[in-house]
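These are the residues of each chain, in order.
2 protein chains.
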Amino acid sequence: MSGYRGRAQRILNAASVKVGDRIKVEDAGRSYEGVLMPRTELGDPNHLVIKLPSGYNLGVKIGTSTKIRLLERGKPPKLSVPKLELKPDPSKPNVTIIGTGGTIASRVDYRTGAVFPAFTPEEIYSAVPELAELANVKVVEACNVFSEHMTPELWVKIGRAIAKEINGGASGVVVAHGTDTMGYTAAALSFMLKGLHRPVVLVGSQRSSDRPSSDAALNLISAVTVAGKSNIAEVCVVMHGSAEDDFCLIHRGTKVRKCHTSRRDTFMSINDIPIGKVSKRDVKLFRDDYKHASSKGKVEVDVKFEPKVALLKVTPGMPSSVIEGMLRAGDKGIVLEGTGLGHVPESLFNGIKRAVAKGVPVVMTSQCLWGRVDMKVYSTGRDLLQLGVIPGEDMLPETAYVKLMWVLAHAKGIEEVSKLMRTNLAGEITPRTRPDVFLKPVFTPNP
Amino acid sequence: MSGYRGRAQRILNAASVKVGDRIKVEDAGRSYEGVLMPRTELGDPNHLVIKLPSGYNLGVKIGTSTKIRLLERGKPPKLSVPKLELKPDPSKPNVTIIGTGGTIASRVDYRTGAVFPAFTPEEIYSAVPELAELANVKVVEACNVFSEHMTPELWVKIGRAIAKEINGGASGVVVAHGTDTMGYTAAALSFMLKGLHRPVVLVGSQRSSDRPSSDAALNLISAVTVAGKSNIAEVCVVMHGSAEDDFCLIHRGTKVRKCHTSRRDTFMSINDIPIGKVSKRDVKLFRDDYKHASSKGKVEVDVKFEPKVALLKVTPGMPSSVIEGMLRAGDKGIVLEGTGLGHVPESLFNGIKRAVAKGVPVVMTSQCLWGRVDMKVYSTGRDLLQLGVIPGEDMLPETAYVKLMWVLAHAKGIEEVSKLMRTNLAGEITPRTRPDVFLKPVFTPNP
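Quick mapping for you: the protein sequence lines, in order, are chains A and B.
Residues in the first sequence are numbered from 1 upward in steps of one, following our numbering.
Residues in the second sequence are numbered from 1001 upward in steps of one, following our numbering.
Hints are computed from structural coordinates only; laboratory data are not their basis.
Incorrect hints may have been included.
[What the hints assert, rightly or not] Derived contacts from chain A toward chain B, CB cut-off under 7 Å, selection only:
no.	residue
1	I273
2	K313
3	P345
[Claimed, not checked] Some chain A residues close to chain B (C-beta under 7 Å, calculated; not the full set):
no.	residue
4	N94
5	T181
6	Y184
7	C259
8	L311
9	T315
10	D436
This one's a predicted model, so the numbers in the text were calculated from it and none came from an experiment.
Ideal placement from N, C-alpha and C gives every residue a C-beta, glycine not left out.
Using the sequences plus the hints, can you model the full thing?
Structure below.
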C-alpha cells in the first residue's frame, strides 16, 4: 500500500523505514527531514515523498548516494478498505481510467495527513466512493511520468491505450494526466485518434490529493461522468470551472490551456466557449456542434508525428540567426508566436525567407493568445504572407505546434501542409470568434 | 496635410496623385486598388496607405520598383482647422506627447472617411478638442516604426526623449506607441528611468483611428489626464478597460500584457490589480502603493541593456540542443517559459547545466502567465533549483526577459544577477499574489 517499488522500495527496506515514520534523507550535501508519505503517483521507482514540517509534500529523487535515517517511528493509520461488490453492473457504463503518472485518486487519513494512493478499482472506489455509482471502473497504466516529462512518444503510447480500451468495449476513457502539459497531450490525441466514437476525457488535479483543498475528487467524478454518460465523441479536458469546489467545465482538447500555476480553475477554453459543464454528476451542454457519440465504430490511432518542430516566441529585435540556428539543427517546421495580429520584427524576415526557401513551413500564431491572426490589416502582415508564412487563424500556439508535428508527418509537400494547417481538423480553428470568449478580471474595484 | 514625405512623397508627386484619389499600386507582381489615405503615423517615408474596397486600410511598402497609377480623381474634403488660442495656459499642466510611430490622433471627415493625421498641437487639439481643456500639449517624435519593429536601441531613444521632456519641465509624458510590443517597451522604460518623479504613460489604439469604432480618442484623453493630473510617478500603460468606450485602466508598466489580437480592452494587468482607472477625465486609484509624484527631481536614463538574451518557451520533449544552440550563438542569459509551477522536461537538464557552467544565467517563468513560479513543490523544480535556475517569482515572461537584459548590463557576476532577478526593482514582482487577480470568462452560460 506504500506505493513504492524498485529502487525506492529497496532503499526504504534497507533502512527499515515505513510510511508514517519521520526520516532524514541525505544526498550530495542536501538533507531533508519529514514524514515519509505513501506515493500518490503510480509507482515511480526513483522518488520518495516526504511531508515537510511546512505541510508541503516534497518529492526527493533517489540517487546512488542517497542515505536515509529513521528519526522517529510513526504510527501509520490503519484504514479498513471496505470490501466492495465489484462485479460489473450491466446497467452502468464501463469506463477505463488510464494512468500516465498524474495523481488519480487517494484516500486521506485526516488524523495524520497520510495519503493512501489508490491503484486498484477497489482502492479508487474506496477513495472516491461516488465512482461506484457512476460506472464500472477499470484502471490501466500507459506510462508513469510527471507531465513536464511527457513526450511525443508517450502521446502515442497513451493514444494506443485509449484505442485498445474503446475498441475493447469501454463506454469512455479517462486519462489521468499531470496538468503541466495536459493541453499539449489533449491536442495531440485530438489529431491522433481517427474515427473516435466515444468520449476521451483528460483529467488531473492542481492540489496534491492529500491536501484538504484538493480538487482531485470532483475532477475525477466529473471526468468519469463525461466518459460514462455524455455523448461527446471528442478528446476533452474536464477540470474545475471555478475556484469553488462546485462544478467542472468540459473543454475541447484543441482549445484548452493551463492559465494559472496553482489555481484549481486553471484550465480555460481560449477563443471558444467550453462544450459544457458537469455539476452534481449532471452534464449540461452549452452547444450542439460537437461530434456525437455512437455505440458502434472502431478507433484508429494515427501515430505519425514529426518531432522536429519548433515553437518560437518572438521578441523585439529578434535576429534572423535564431531561425537560421533552427534550420541548422534540422527543424522541419516552425510555429511563430508573433505579436498582435501576427507580426514579427523585420530583423526576422531573412530567416523566414530562408526557412521557406528550404521547404520548412512557417506558421503564424499570436502571443496575445486570445483573438485571431489577421495578416491582411497591416503591411508587416502582408509582407509575411508574401514571404510564405501560413496564418494560423485563431489556433492556440501550443495547438498549432502539435498540429504542425502531425501535419508534417502526413502531408505531401508544403502546399498540402499549408492547406491542412488552415483547415479545421479537430476543432482547433473556429470560423468566427464569438464576442464573448474573452476574459474579464475577477478583481472589480468599488465604483 | 497628407502626412507623406521622403520616398512616399516623391512617388506620389511623380504620379500626380493626391489624397482621396483612387489609385492602383503595383509592385513585384502584387497590385492593390483603393483610395489614397493621408498618413496617420508620423511621416514614415516608406509606406502608402490606401483604403481597400473592403473598408480596411492597407499600408503598402514602397520599393524601388513600385508603380502608381491614378484611376480616378478624388474630391479631397476641405476641413477648416479652427484657429485655436495656443499660448500656454499657466493654470494647466504641460504634457509632452512623444510619437514613436503609433497613431496619435487624427481627424475624420465623416463624408468620405478620409483621415487627417494630426501632427501639430493645433491639429491634435482639433482632432481631440478635449485635450485643450486638459493640458498644454507639446508633440515630439522619438522614432517612427510600427511597434513590431521596436528594438532595444529604440527603447533607449524613447527613454532619452522622456527624460529630456521631464527634466525640461513637463508635468508628464505620454508615449504614443503601437500596441504589439507596448508591454515590452513599458517594462524596458520602467527599469531604465531612474529617479522618475512624474507620470510616464504609454498609449496606443487597437483600431485604426479612421474607423468609427476607434479607441484612439478616449485612450489619448485618458493618457493625457494621467500624465497631467495624476501623481503616479511610474511608467504605466493607459488603455481601454472594457469593450465599451467608457473607461480606461492604468496598468503598471511591468505587469501589463497585450492579451487579445483585436479587442480594445486587450491590455491586462497580470498577477496584480491595475493602479487605477480613468473615467470622464477623472483618475480613480485602486491602491496607494505606487511611487508618488513630486514637483522636483531629475530623471536619469540608465540605458545599458545586454541585447543577447533569449526567451525560450518550453515544449514537451524539447531537447538540450536548443539551449546549446543559444550558447553557441553567444546568448548571455536565458529566460525559460516553463510549464506549471516552473518545470521543464528532463531532456533540457543537460543544456541548462551547460548554460550555468558557462556563467549564463537561466531564469524560470511560467507559460501559464498567471500565478507564481514555485520550484520547491515538486522534485522537478527542486532539481532545477539545484542546477542553478533562478526562480522568476510572479514576473511575466516578457518582463523577466527585458529585466534580464537590463540586469546583465548592470550586475557584476552571476550571484548579483540572481539576487537582482529575485528583487523587486520596478513593481515587476509582487510579494504575494492577490486571490482576485485571475480572470473569469466573459461567456456565462444560462444556469
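Outcome of the hint check:
1. I273: Holds, about 5 Å.
2. K313: holds (5 Å)
3. P345: holds (5 Å)
4. N94: Constraint on N94 (chain A) not satisfied, violated at 30 Å.
5. T181: At about 5 Å, which falls below the 7 Å cut-off, the nearest Cβ of chain B leaves the hint on T181 (chain A) intact, so it holds.
6. Y184: Since chain B brings a Cβ to about 5 Å from Y184 (chain A), closer than 7 Å, the hint holds.
7. C259: Since chain B brings a Cβ to about 6 Å from C259 (chain A), closer than 7 Å, the hint holds.
8. L311: Interface hint status for L311 (chain A): holds (5 Å vs cutoff 7 Å).
9. T315: At about 5 Å, which falls below the 7 Å cut-off, the nearest Cβ of chain B leaves the hint on T315 (chain A) intact, so it holds.
10. D436: holds (4 Å)
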